[in-house]
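Peer 1: So the protein sequences, as listed, match chains A, B, C, D and E.
The numbering of the first sequence is this note's numbering, which starts it at 1 and goes up by one.
The numbering of the second sequence is this note's numbering, which starts it at 1 and goes up by one.
The numbering of the third sequence is this note's numbering, which starts it at 1 and goes up by one.
The numbering of the fourth sequence is this note's numbering, which starts it at 1 and goes up by one.
The numbering of the fifth sequence is this note's numbering, which starts it at 1 and goes up by one.
It is possible that part of the hints are untrue.
Derived pair list, reagent style DSSO-like, types lysine-lysine, alpha-carbon separation capped at 27 Å [as the list claims (entries may be wrong)]:
1. E:Lys270 with B:Lys52
2. E:Lys301 with E:Lys246
3. A:Lys255 with D:Lys161
4. E:Lys305 with E:Lys246
By construction, these hints were calculated from the structure, which means they are not laboratory data.
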Amino acid sequence: MNQQLATDIMDARRQRGRVWRTQFMVMWGVIVAALLAFILVTIRLDSDFIQKWLPFILTGVPVTIFVALISIFFASILATLGALGRVSRSPYLNAIASFYVSFFRGTPLLLQILFIYLALPQAGIVLPALPTGIVALSLNYGAYLTEIFRSGIEAVPHGQTEAAQSLGMSDRTTFRRIIVPQAFRIVTPAIGNDFVAMLKDSSLVSVVGVQELLWRAQAAGRPTFQSMQTLLVAALVYWILTIVFSFFQNRLERKMATGDRTPERSR
Amino acid sequence: MNQQLATDIMDARRQRGRVWRTQFMVMWGVIVAALLAFILVTIRLDSDFIQKWLPFILTGVPVTIFVALISIFFASILATLGALGRVSRSPYLNAIASFYVSFFRGTPLLLQILFIYLALPQAGIVLPALPTGIVALSLNYGAYLTEIFRSGIEAVPHGQTEAAQSLGMSDRTTFRRIIVPQAFRIVTPAIGNDFVAMLKDSSLVSVVGVQELLWRAQAAGRPTFQSMQTLLVAALVYWILTIVFSFFQNRLERKMATGDRTPERSR
Amino acid sequence: MTLQHVVHPAEIPGSLVAPGAPPILQATAIEKYFGTARVLRGCSMTVFPGETVTILGRSGSGKSTFLRCLNFLEEPSAGVVEISGVRVEADPLRPRHEKASARIRQLRLHAGMVFQEFNLFPHLSVLGNLIEAPIHVKRLPRKEAIELAEGFLAKVGLSEKRDEYPSRLSGGQRQRVAIARALTMEPEVLLFDEPTSALDPSLVGEVLKVMESLAHEGRTMIVVTHEMAFAREAADRVYFMSDGEFVEIGPPQNVISDPQDERTQDFLARFLRA
Amino acid sequence: MTLQHVVHPAEIPGSLVAPGAPPILQATAIEKYFGTARVLRGCSMTVFPGETVTILGRSGSGKSTFLRCLNFLEEPSAGVVEISGVRVEADPLRPRHEKASARIRQLRLHAGMVFQEFNLFPHLSVLGNLIEAPIHVKRLPRKEAIELAEGFLAKVGLSEKRDEYPSRLSGGQRQRVAIARALTMEPEVLLFDEPTSALDPSLVGEVLKVMESLAHEGRTMIVVTHEMAFAREAADRVYFMSDGEFVEIGPPQNVISDPQDERTQDFLARFLRA
Amino acid sequence: STSGGASPSAAASAAVPSTAASQAPSEAASEVASAAPSEAASPSSAAASVDPESLLGTVMASGKIRISTDPNYKPFSFLNPDGTYEGFDSATAEETVKRLNAKLGTNIAIDWQTPGWDLITAGSWGGRWDVSIGSMSVTVGRAKVVDFAEPYYYDSGAVAVPKDSPIKSLAELAGKTFCVGTATTYEQWLKGTLEIVDPNILPAPVTPEDNITALPTDNECIQAVAAGRKFDAIVANANGLADAVKSGAPIRVLDGPPIFTVSVAFALDKSGPDTASMLAVLNPIVQEMHADGALSALSTKWLGKDVSQKPS
Ligand SMILES: Nc1ncnc2c1ncn2[C@@H]1O[C@H](COP(=O)(O)OP(=O)(O)OP(=O)(O)O)[C@@H](O)[C@H]1O
Ligand SMILES: Nc1ncnc2c1ncn2[C@@H]1O[C@H](COP(=O)(O)OP(=O)(O)OP(=O)(O)O)[C@@H](O)[C@H]1O
Ligand SMILES: [Mg+2]
Ligand SMILES: [Mg+2]
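Please model the entire structure based on the sequences and the hints provided.
Peer 2: Right, here's the structure in full:
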């Protein structure tokens with residue numbers, strides 16, 4: 001009978017959870033429906049037109065994902081170097097890293113893209129549109145990630161360093177074998193997070209003519225003055241991309257947060 | 001003699017600190033100088049031209065700050081409501097808040113601005129350019145801040161709730177008198193951080209013709225094909241703004257992190 | 001099904017209890033499941049006004065859970081708690097409704113709690129910590145609340161820390177403030193969950209001294225602790241918990257000095273050997 | 001100025017020390033300032049191979065700081081530390097150069113440390129924790145390191161937890177792993193900083209048992225602790241620290257049971273009263 | 001003669017175009033145009049003697065010509081769902097390259113580049129594309145940074161008002177609100193900063209700068225009005241506005257003479273490789289297309305009227 005009680009309680013709780021989730025989903029559905037209705041009324045979707053252009057717009061999706069992926073990759077490398085500079089004892093490396101962070105976090109991404117596109121050629125460095133976008137995004141996100149990586153390194157408890165040192169490890173070994181692996185787990189979710197943000201910020205490279213999602217949506221809509229419809233499609237696609245990648249990002253985060261290798265807690 | 005030793009050690013450390021900082025600053029100076037030299041060589045600054053247009057460009061600074069300030073204000077209000085929704089027990093409020101966050105974090109800010117500018121009028125809501133920018137920025141940052149506020153609320157240790165409850169406080173009183181004040185201190189630095197980010201993102205509202213810093217820089221440079229020079233000026237101004245406001249933000253953060261009212265730690 | 005409270009033979013009123021006084025706290029057949037894990041297995045307790053009882057037991061045996069069930073910080077899976085006339089039955093199958101919540105709040109007003117981790121409100125000064133609940137729960141005027149608070153602060157010997165913030169206090173001082181805070185609500189029963197475990201050994205004394213003086217004053221107290229000396233000297237009765245059951249109940253001279261149950265013996269042997 | 005080490009009259013070789021053996025650890029006139037606060041005031045200590053000594057004292061008296069100065073986790077402001085022939089002088093006025101750092105690393109190889117908070121490496125399995133330093137500091141081949149580690153794991157009774165991660169262990173098990181980890185470097189001296197303070201009372205025993213067996217085995221150990229029973233039973237000598245000075249040194253039967261210094265008396269009275 | 005085509009080898013000399021470029025663009029263009037065709041070289045000799053460092057040389061070496069265009073500019077240049085380009089500009093570019101290949105005996109392909117209009121007009125292309133064939137009006141300011149070829153059509157600006165607006169003439173627009181495309185000649189006209197060589201500019205209505213909203217392209221202006229935004233007028237390309245009216249945009253183009261007329265030409269970057277030999281090939285081609293009616297035909301096809309002839 002007692003085990004029955006436990007089961008009953010769990011069932012009741014589960015049932016309440018189910019009801020709650022159902023109500024939650026229904027509400028979401030209602031909102032989405034209301035939003036769609038509102039859009040249909042205001043924007044007067046022309047389904048023939050959208051069908052005609054959808055493949056053209058969707059061709060931008062791989063470009064968007066490619067730009068975001070490759071940029072987050074380079075940004076992570078830059079951030080690793082930047083964070084190494086920031087935690088190093090050398091005032092020179094520190095200054096270089098801190099300048100980098102300050103400058104690229106201190107100016108708008110849009111401006112950075114324009115700069116690399118328009119000013120660097122005058123110094124003989126001519127990057128085509130796509131590399132321009134990638135370089136700008138990498139530099140910009142690299143600066144933000146530098147600070148994240150640095151705080152990741154600093155988030156490793158000082159006791160870890162002390163334990164390593166008291167085992168006779170050199171600073172180098174301590175850093176490489178003890179600090180970095182732990183910092184890595186701390187920052188991985190942040191990289192995922194920035195990747196999702198990058199998916200959207202990559203839309204800025206449309207200004208230099210990279211034919212990604214937003215560019216294509218605008219190009220498709222303008223000739224017939226139907227930008228709103230194509231922008232709407234783009235918004236939906238971005239939204240879906242974000243939801244999909246956030247889902248993976250959340251799983252990553254949860255995996256990093258729990259599991260066997262979380263920092264121990266006393267008591 | 002012993003006090004002398006203490007003083008000597010502190011002096012030696014201070015001296016080393018001074019040397020370090022000096023080397024750091026010198027390096028910064030060198031980098032800035034190198035950057036300027038590079039710019040002077042590649043962009044061939046025309047000082048007459050810049051002098052002529054500088055006042056015009058700087059007129060955009062108050063606009064930029066105004067837009068950022070008022071948007072962060074509304075964003076904080078939206079985020080408060082959003083976070084209340086997210087931590088509430090009601091599945092409906094939760095769904096509304098979660099939809100809001102998902103939608104506005106899931107689509108690019110640029111798209112949101114264009115939408116409010118070009119699509120809402122079809123529903124009879126015609127906002128001028130400036131309000132359009134403010135609404136878009138508020139909604140967008142409000143979504144990000146919602147999650148920050150929520151995690152701030154959740155970061156208040158559960159022991160606080162238990163202590164309040166065991167004193168007989170109702171959920172409402174506990175939330176209002178115990179949780180919110182502590183969450184507020186946790187999230188204040190994040191608001192400051194977002195304000196600095198907003199300074200730069202506000203440049204996106206130039207697309208609907210708000211005459212802020214970037215808009216003015218572009219407008220000043222274009223007629224004579226000297227965009228690079230004016231963009232450079234804009235970049236410098238953004239950079240300075242960021243440094244100045246980051247300075248205050250850091251102080252705020254430090255004040256919130258230390259001081260009398262930090263959460264106690266056992267032991 | 002109405003549960004009938006059964007008083008354990010060893011639960012006889014302690015030395016400070018007014019003769020004939022009815023129990024002030026009755027916990028009847030408390031059960032607690034976490035998922036399918038049965039953490040409390042029908043624990044009953046009877047406490048008379050003015051008594052100090054302690055609960056001993058291994059880590060994980062369920063002491064904290066039992067204490068938290070007493071004021072419904074943890075909802076029991078089954079059982080009844082009655083404290084000075086307020087009776088609340090476990091009702092885990094339904095969501096808590098407004099009326100049930102109000103009743104539980106009532107119960108909590110009769111049972112002040114002191115936590116291992118103090119849980120002072122860091123954003124409020126010491127005085128702020130003490131007057132928050134009187135003002136916002138009992139609706140005392142601010143002036144009265146301050147007077148009340150100052151009285152209790154004096155009692156725990158911290159009058160001069162009135163305007164300090166918790167982060168500036170030592171652990172022992174924090175715990176004394178926490179005790180004073182619980183007292184401001186003038187609860188009939190005080191619950192202590194290992195109040196000295198988070199303290200530096202040299203700070204334990206000052207807290208125990210306050211607790212002892214409360215015990216001698218005739219406060220009703222239920223104390224989960226590992227401080228054997230306190231249990232031995234201040235307690236009217238000791239409950240030894242093992243695996244979610246009270247396996248031995250009795251006066252400290254019996255349970256601590258001459259345990260009958262094998263598990264109690266084992267625990268005390270291990271515990272005292274270091 | 002070369003500091004002359006002075007042996008305290010009470011520092012006579014303990015029972016397990018080989019006759020005529022020279023001291024294995026000499027700390028001479030250690031001073032430590034934090035800013036202008038003088039936390040250590042000329043502390044000297046002599047330990048012979050095979051001895052176990054304990055340091056007692058109030059919270060904040062400087063026990064941890066002294067222990068950390070011994071292996072330069074904290075740079076002393078003045079004084080000399082010599083452990084099995086490696087002598088390092090305090091040199092706080094200059095930045096540490098490569099040679100000095102190498103010397104300090106050498107010193108640390110002779111002095112293993114066990115922390116209150118365990119400080120196990122959470123990203124490595126138990127075995128990983130144990131072989132990391134042998135492989136990357138002593139450059140042992142992996143296979144040898146594993147053999148060595150398994151031996152010490154067996155010694156602390158945790159062979160079956162070899163592949164577990166620290167987060168899955170209880171506090172007592174973690175501390176035992178930490179002890180095994182320190183042993184893998186085969187240090188001449190083991191330093192313990194309140195190794196049981198972060199443990200649940202019921203888990204203290206298993207750690208103390210391991211420490212006692214190490215003491216009986218003839219390991220040289222310096223233990224900061226609040227466990228009086230351990231100090232009394234396992235220590236050859238007790239150092240009582242007050243305000244950064246060793247105010248009383250002697251065998252435990254003297255210092256603990258019959259303290260001469262007023263501050264020691266006061267501490268023990270307060271400490272044992274609870 | 002300062003013209004760029006005395007002989008194929010002379011066309012590659014660096015001194016010539018810089019002289020030409022320092023003069024008023026239309027003058028330079030017409031001089032080149034007048035001199036070049038008579039001395040048009042035979043394909044083989046032209047191809048053989050081109051300086052490999054010059055613009056034409058690099059284009060021939062790479063086998064493709066990078067042409068920038070703004071695909072947001074219907075009916076001059078716009079995209080099909082399959083990603084191909086259409087419109088007057090695009091067709092002109094294709095025809096030009098076809099003739100270029102015939103002339104040089106090469107097989108150069110078009111590589112479309114689509115930076116924002118903003119960036120095309122910002123100058124400093126940094127060699128990212130070889131030529132702009134995208135309705136770039138010849139202005140004095142632009143001529144400082146780009147070399148213009150012979151005009152291939154003549155554009156005119158027009159003012160449109162919302163369909164239901166009572167406004168009938170330019171004169172009534174003083175102090176009203178305007179919407180224009182960013183960095184367009186129309187924006188410059190409104191702000192009084194337009195400098196073109198063609199004389200027939202009408203004075204712009206006087207209005208405070210705050211009343212002028214510049215959106216990324218003309219197109220957004222039309223969409224904004226269609227969406228319900230209240231602008232008193234849109235200043236844009238006359239042909240674009242006519243096309244918008246045809247597509248059902250709720251606007252009406254004001255009657256009257258064009259607000260200004262301006263030559264439109266291919267543009268080549270001054271700061272890039274030497275443009276002289278390229279101009280020496282392009283100018284005759286433009287001339288021929290004018291002469292044999294190719295441009296007239298394309299114009300009629302895409303714009304519904306012939307804009308290739310200079311209005312008198
Ligand atoms: N919220 C919870 N969810 C699941 N299991 C829990 C929860 N709280 C406690 N438990 C489990 O219930 C059992 C009893 O825990 P409890 O904290 O009451 O023990 P305790 O006697 O207070 O131990 P300690 O002396 O360590 O405080 C333990 O096995 C514990 O793991
Ligand atoms: N890093 C530091 N900076 C400044 N002061 C410090 C630092 N570490 C310790 N102190 C101070 O030095 C004194 C001695 O501290 P220490 O930790 O050595 O004491 P302890 O005897 O180990 O105390 P406990 O029993 O609490 O561990 C204390 O007053 C402490 O506040
Ligand atoms: Mg407990
Ligand atoms: Mg210590």
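Peer 1: Decide, hint by hint, whether the structure agrees.
Peer 2: Verification of the supplied hints:
{"no.": "1", "hint": "E:Lys270 with B:Lys52", "verdict": "26 Å, holds"}
{"no.": "2", "hint": "E:Lys301 with E:Lys246", "verdict": "15 Å, holds"}
{"no.": "3", "hint": "A:Lys255 with D:Lys161", "verdict": "23 Å, holds"}
{"no.": "4", "hint": "E:Lys305 with E:Lys246", "verdict": "14 Å, holds"}
Every hint from the earlier list agrees with this structure, and none is contradicted.
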